[in-house]
Structure formats: C-alpha cells, structure tokens
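Asker: Just so you know, the protein sequences line up as chains Z and D, in that order. If you read the first sequence in this note's numbering, its first letter stands for residue 1, the second for the next number, and so on. If you read the second sequence in this note's numbering, its first letter stands for residue 1, the second for the next number, and so on.
The hints are simulated quantities; they were obtained by calculation from the structure and are not laboratory data. Since we're looking at a predicted model, the values are computed, not measured. Glycine included, each C-beta is placed from N, C-alpha and C at the ideal position. Heads up, some of the hints might be wrong.
To be verified - Examples of chain Z residues lying across from chain D (beta carbon under 10 angstroms, computed):
| id | residue |
| --- | --- |
| 1 | P49 |
| 2 | L74 |
| 3 | L84 |
| 4 | Q190 |
| 5 | E341 |
| 6 | K398 |
| 7 | R470 |
Stated by the list, open to error - Cβ pair distances, simulated, as ranges:
| id | chain 1 | residue 1 | chain 2 | residue 2 | range |
| --- | --- | --- | --- | --- | --- |
| 8 | Z | E394 | D | V191 | 51 to 61 angstroms |
| 9 | D | A435 | Z | T65 | 47 to 57 angstroms |
| 10 | Z | L274 | D | V416 | 47 to 57 angstroms |
| 11 | D | R439 | Z | T119 | 36 to 46 angstroms |
| 12 | Z | L100 | D | P103 | 54 to 64 angstroms |
| 13 | D | N220 | Z | G57 | 43 to 53 angstroms |
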Amino acid sequence: MMRGTRLRVWGPLLGLSIVSACSQAGTSAATNATAAPSPAPSAVDLTKPPTLGAPKGLTLPAVVTRELPNGLTLMIVEQHELPLADFALVVRSGGETDELGKLGTATLATSLLKEGTTTRSSLQIADQEAFLGVSVFAGSGWDATTVQLHTPTSQLDSALALFADVALRPAFPTTELERLRKTRLTSLLQVKDRAPEMANRAYAAIVYGSAAYGRPLTGDEPSTNAIQQADVRRFYDTYFRPNNATLLVVGDVRPDDIERRVRALFGSWERRALPTTSYGQPAAAKGTTIFVVDKPGAAQSSFRIGGVGVPRSTEDYFPLMVMNTVLGGSFTSRLNNNLRETKGYTYGASSGFAMRRAPGPFTASAEVVAAKTDSALIEFMKELRAIRDTVPAEELEKAKRYLQLQLPGRFETTGGIAGQLSQLVTYDVPLSFYNSYTQNIAAVTQADVQRVARKYIDTDRLAIVIVGDRKSIEPILKATGVGPVTIVDITGKPVM
Amino acid sequence: MPSRRARAAFRERSGDRVGLLATIVTLSLLMSSTAGGQAVPTIPNEKYTLPNGLEVILHEDRSVPVVAVNTWYKVGSGDEQRGRTGFAHLFEHVMFMGSENVPVGKFDQWLEAAGANNNGSTNGDRTNYYEWMPSNALPLALWLDADRMGRLLPTMDLPKLDLQRDVVKNERRQSYDNVPYGRASETITAVLFPAGHPYAHSTIGSMDDLSAASLDDVKNFFRAYYAPNNATLSIVGDFDRDSVKKLVQLYFGGIPRGPALPPRPSVTSQAVPRDTFLVLEDKVQLPRLYYAWRTVKAFHDDDAALDLVAYVLAGDKNSRLYKRLVYDMQVAQDVSAFQSSQRVDGSFRITVTPKPGHTPAEMAKLVNEEIDKLLRDGVTERELARAQNTTRAQFLDQLASVLGKADQLNFYNYFVGTPDYVRQDAARYDKVTAADLKRVAAAYLAKPRVTLTVVPEGKRDLMVTGVVQ
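Let's have the full structure, built from the sequences with the hints guiding it.
Answerer: What follows is the structure, encoded as structure tokens:
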C-alpha cells in the first residue's frame, strides 16, 4: 500500500528574518471571548471561541550567496537535521522564448534533458536515479526553467554528478526527440477530453492573441511536428548559461564544501550574452464578450473570466494580494462563498493574478453544473462589480490577517521555501522581500483596494470563456445579456 | 479520495511555481540508518485516552511556529447503508457548516482570520479533519473541533444538508463525471467486490443516493459514529505539552462518550470467482485497458511485496511494462500499476492507454506476456534494488510537514495501534526478497481478474472480451 505520490523534497529556508507578525493578529476573529491559551477551567465560557495570544515571530537561517567567475549565482541554506540535500538550478528563461511556428520548444528541450547526455542514455539516467533513491526533475514554465535534485547526502557524489550531467551535457538524441514528439502529439489529442484544459488554452489565446502568454507552453500539433533537434539545442545553448542561472542548495550541507563541488562541476560552464526576449503586445481588450467552446454533453461548464493583469514587478503587488484574497483568493472569499457556499453551483470558485515578467492574466474561474451556467455567470459579474466598491473594514482585516499569519507556514517545509526563493530569483525580487512583507500588507487601506480593483478589473472589457455543452448553454447565456456570445475553438478562433 | 475542497484551489498565484510539496525537517527526529544509506526516523510521541474514550496523540516539533490538528473518525464509505452511498463523505462536508456555538460560515472565517487553513477527506475506512496554522491559533482549532464533535446537531437543519448536497454533486461532476475515464474505478469495484462488500461502491457515491440523504440520516450517523470514543486527535508542531493537555481536557473532556458503536464490516479477501469482462463508453479520444485483481488488506504479510511488484511492473522508466510498451515499442501512451490496500481488503490494478492506431487487445497481449514472464522468471536483484531504494526514500518524504506527520501518526495508530511505526513500516519493504516477489505475483496475479475496457462512444468493438494469450 502506497500512500500518496512521491514527494519532491526541498529544504528550509531563506536568510529572512520574519519578525513579529501584525500587531492586530492577536485578536483573531473572536473578539469577545474570555479564554486565554492556558485558561483556568472555572473561568471559561465554552460557548465562545478562545482569545488567542500573539503570534510568534519566525527567524530563519541565513542564505549564503556566492558568485562563480562564470556568473553563476549560488545560494546555500544550511539545514542539518536530516542527511538530505536539495538542489535547484533556476534558469531564467522558459516558454516565452518559443518562436511562433515552433511553440513548445522550451518545454520539449527541458524534457529531453533527462533523455540522454554525452555519457548516459535515457535508461541509464533513470536506472541511476532509482538505484540511488534520488530524484531528478526538469521542467519549464513561463519565465523560468528548473532542474532539481533531491538526494540523501550519503549519495551526494554520485547524485551531483548525475545532476550536473543532465543539466550541462544533454545530447538531445533524435530517437528520444521522436519518441517525445509522438507522446506529445498524443497528449495534445487528449486535450479534447478535458474541459478545464480546453478552457485554459482558449482563455490564454483570447486574452493575449499571439503575444507570448497566449501560446500554449506545450505547443500545438503543427508546432510539435515542426520542432527539430536544432531548435531544442538552440533553446538550450542560448538560455542555459551560468549568467542566466541561480543554483539553490538547501539541506545538510556546508557552504564551503558545496562551493568547492559546484565550482568543480559547474565552473567551466561558459557564459554568453543573452538575446532580449520580446513578450509581444496583447491585443487591446474589447467590450465584454462571452466565448463559448463546445464540449457536447459536458456535465459542467468551465469558466475563465478576466483579462491582462500585472507583472510581478507591479508597484501594486500588496494591494492586489489583499484585494484578490477578498475576491477569490481564499475559501471564505466572495466568489467561493457565493458560488459554492451559498448557491451550491460549484465545488469551488476562485480568482488570481498570475504575476510574471510581463503582465500575466487575471483570471476568475470555476467548474459549474451545466444547468446553472447562466446563473453562475450572473453571480460572477455581480462579484466582479462589487469588488470595485469599498470593502468593509472587517472583511479587509480578515483578508490581511490571513495573508500575514500564514507566513510562517510558507516557510515550514523545504519545498515551500524553495518555491518562494525560486520565485524571488526568477523575478529579481530582493531576498529582503519577506522582511517587510507583514508591514506592507498592514499598510494596505480600503482606498488602496478599491483603487486597484477599479484599475485592474474592468467589467466592461472582460473576456469570458466558457467550455461546455453549447446546445444547452448558448441560449441561456445569451439571455443573461452580459455580452454577445461568440462560438470559438480552443485556439480562440470563431467557429461557424 | 473525496475531499471537502479541491486541494490546489487556493494556491497563491504569483507566477508559475516549481514543486512545492515538501518536507519539514525537525530537531526531534531520531535517526536510524538502513542498508541503503537512507535513514528512516522515529517520531517520539505521547498517546493517551480521555475518560470519554477520545484518543490523543501529541508530538512536539518546535522548528517552525506552526501546528497541525488532525482528527480521524473510524467511519468511512465502507460503513454506509444500502441506498446511501456517498453519505459518509456528504456528512464530512456538513461538519464544516457550523455547530451549536459556531454560526454558519464562521468555522472558516475564524480560522482564516487566524491564518489557518483546513480541510477534510473521506475514504472507505475513515474520515479525517484537519487544520494547520500559526501556533498561537491552536486553541481556536481545538475549540472548533470540539464544538462540532460534541454539539453539531442543535443547529443542524435541512438547508445546511441541501447546500452541501449540491456542492458534493458538483464535486462528483468535477472529479468523476466530467473527467475522462472518471467512472472507471467505480465500474471496476462494483464487480471486483461482491454486493455488500464495503469497497464495492465508490466513496463519492451515486447521484441518486446523494439525493436521497435526509436530515434524519445526518442525525443518526452523527449519533452512531461521531463520538469521542470513535475518534483520535493528533496534534503535531510547536506547542507546550502541558498546556495543550489542559486545553484538550477543557474542550473535549466534557463531551459524553457515545453509545456502543455499530459493528464494522469485515470480509475474507479472495480472488474473483472467474474472469470478468466489462466495457464502458466514455467521452474520450483513446480507449484504455484496466486489469484488477483482489489481493490483500493493508499490512498483510504480502502487502509490501505487492507494492514492489507494482514498482517492478510500472514504477519507473526501466520497469517491465513501461520500458516495453511506452519506451521501446511506443505503442502505449502511459501505463501504471499499483497495489491498493485498505482496512479489510485490497486490490492490484494495471492500467494502459494505447497510442492512436493501437488497440486495447494489443495492450492486453503485451501485459499478459510480461506478467507471465514475471511469474516464470521472477525479478533481478537490480530491479528489486531500484524498487526498494526508491520506496525507502519515500518514507522520509512522507514526514514532510507537521500536517503530514499528524496524519501519519493517525494512520499508523489506526492500522497497527502504534502511532510511531514509520521505521517498522519501512523495514517491511527492506526485508522483501526477489523470491517473495515471484511468489506473490503467482499467488495473486495468476488468479481470475476483472478486465475493463473504456472505449470512445460508439466503439464497443474495441472491448477486450477474453484473456488474451
């Protein structure tokens, strides 16, 4: 009996000192209670929730940063409780570099890293990984590509050699390329089975057109057929450069020892100037329109609503985090509370800003029972309009406390930390970000939230993508009067 | 397994992130080395029982100021009455709708305002509820859990049930009905296990049975199963043990012990009497072949060896089925194999999706050849080592967060009566031999099986209708 899937393990943590969470945190939501954390039984009213003590501060171990002569940045966090180490090579380029006609090159090149090096075949890499009990992972997304290693320190020599080989000496064998091409073409065929995936593709295409974030990371059928070995090699040779990468090391390690090993393995990696990447210009948003993708007989309708949002570098980061938490960023947020916990139309509704190097999308989403497709749209519109009004003080405070007080939990696990750290590295956010996080959330006002809601959620210019049973949902969607209804395919092109 | 909420629904969305699952590393873990060099820890804990029967497990881990509360009730979908499939999980949802001192909506609002998250899940054997939070919020979570354990019914009403009934029906649509191959598993179990067997029906249940659930069902189910003497409370993280014991006594100590618990289902595991062939039409591009055998329950002597058989067949790129069907011949898109073992029974499943242009019958022939080879020749030492070394590495990874540890302590307590059992569990896999793999493969995979072919609508001719040799 196996419980759960194999977890990729990461180590704690950053050189960030999280001092005292917000001062108002100690009140929790229960302000009229009488119990203290260790109350005397006789004094306690069990019908009232307890008053909570102040949250503890959190001090995290330091990040040691070193830079190699070739430009590779090395960040090391010591954590000695278990004999484990985690490595993550974060390369700051991903699918946004794909050329039109060759979409999916970055993700395919990255998948091929584990399919053969100059000294190891695909099967040898897999055999070593399993025999050593280590895991090597390579994946590419927007703005970044990551190669990861999780290993017991007893296997550090063999595991690091394997990791460096995969990262630095891929051979991109044509037989493996052809095999992955075949697998990918089959996966693309299977996209038609999954309404949420169809909705994601159509939504990106409609919001961004041919700009970078409108393209599917894993390409489409023509682009998958067009990619040649030279293309994946070009992606690798162009972007896998030490001056475009940071190596994160977390675990039972010593910085000097790691630096010595990394210099030996990665020291001769050659730096090279990088081309600039164009993210393209998304088409200007038009008047609110409903785009329906037909999935005959679908039990639910997949909703994706929104438009172009903000880059990670936005100066409105904190007001947006708070605003979105109120709108659709937590279980008690307005969207989930309305569409799930009040109406029962869905198993969950949410919203979020995907903040990337260029402005990523703002998306509100849910999977809704087909018969309530029109009612759900009306409720979505109601909430997207209402968030533009002043958020009541109590609701705002709940959202702010939720964001602030969760902070220690985000640094609990090695994986959480590695995820946070790699985000900072990808988007050039200074390591001191979390030192002022709590204060920055605290500073967000009702006026700030209203300002960003009005600035970034334009209910007159929404793209509304709904994948579902056209026959039953088209007439009822038209009747809502929310906007004209256009039938499109998963690339966003109108269907007659 | 059905959960109260989709687990990834509220991930923060700032860019696309690398893998987030992970491990908490703690000062209190004691290490023991094993042959492979990977060490498996013990989890020192204190376990005690309140006079009302509530079991309590405490494990301090002060590395980060967070804490997890995890409660297991010994009731799952296997305990459901005829005509009420899905009820245990529907009930789980209702448990979040407030209790005598917690108005509707406040359970979540108060926790979120304290920086806490929560969820629950139901499977055939048990229902769990959990919160994870900054350590100062622990009293709030305990108080909320005690209020719903002791005082759920005074404010229970039909609107609460009706609302969650709709949510759960949408969960069924989102996770099963509107998902390719989503109804395969419940189609198999309905035949693999005889009528009335606790695992013959799915935990999510049928739409008709969900519609039929009444307010009286909620009341009766609560009175029968939601008593302190049917629950175990596991608390892991940054807390002071003496203070927490006082709090547990204060909040839970006054909840009365429940009546005698209904007898739980028990079965004798045995192979299906004869080979059975099923077909299911679905909205899919490609057919898929499923094989299922009945095997053994969790922690049975052959359980670990069957896990390793699954790994040797489909656990990595060099595994028998993956290498031949997916890697070398490239006739399959994916293949998986696993041993699923629960409290009273288990099954072994193999799933293969042919690539376009290939058929389920071709897959059946190839899979059977590989099973025959395994039965005849057994496995190599290298194959066994890959399976064991990879499995051993997973044991450390399971103890990732305080939340994961809290659930793990409850898991072992439920199955073997000892919360700190992870090292012994790992040892089960270390001592399996190549001969064991050959033996269990023969003992279970040579027996009659259930064969399901899921086919695209109108393509019933793709159904596998005989044992292909």
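Asker: Would you mind marking each hint as holding or not holding in the structure?
Answerer: For each hint, the structure was consulted:
no., hint, in the structure
1, P49, "holds, 6 angstroms"
2, L74, "violated, 17 angstroms"
3, L84, "holds, 7 angstroms"
4, Q190, "holds, 6 angstroms"
5, E341, "holds, 7 angstroms"
6, K398, "holds, 5 angstroms"
7, R470, "violated, 14 angstroms"
8, Z:E394 <-> D:V191: 51 to 61 angstroms, "holds, 54 angstroms"
9, D:A435 <-> Z:T65: 47 to 57 angstroms, "holds, 52 angstroms"
10, Z:L274 <-> D:V416: 47 to 57 angstroms, "holds, 56 angstroms"
11, D:R439 <-> Z:T119: 36 to 46 angstroms, "holds, 39 angstroms"
12, Z:L100 <-> D:P103: 54 to 64 angstroms, "holds, 55 angstroms"
13, D:N220 <-> Z:G57: 43 to 53 angstroms, "holds, 48 angstroms"
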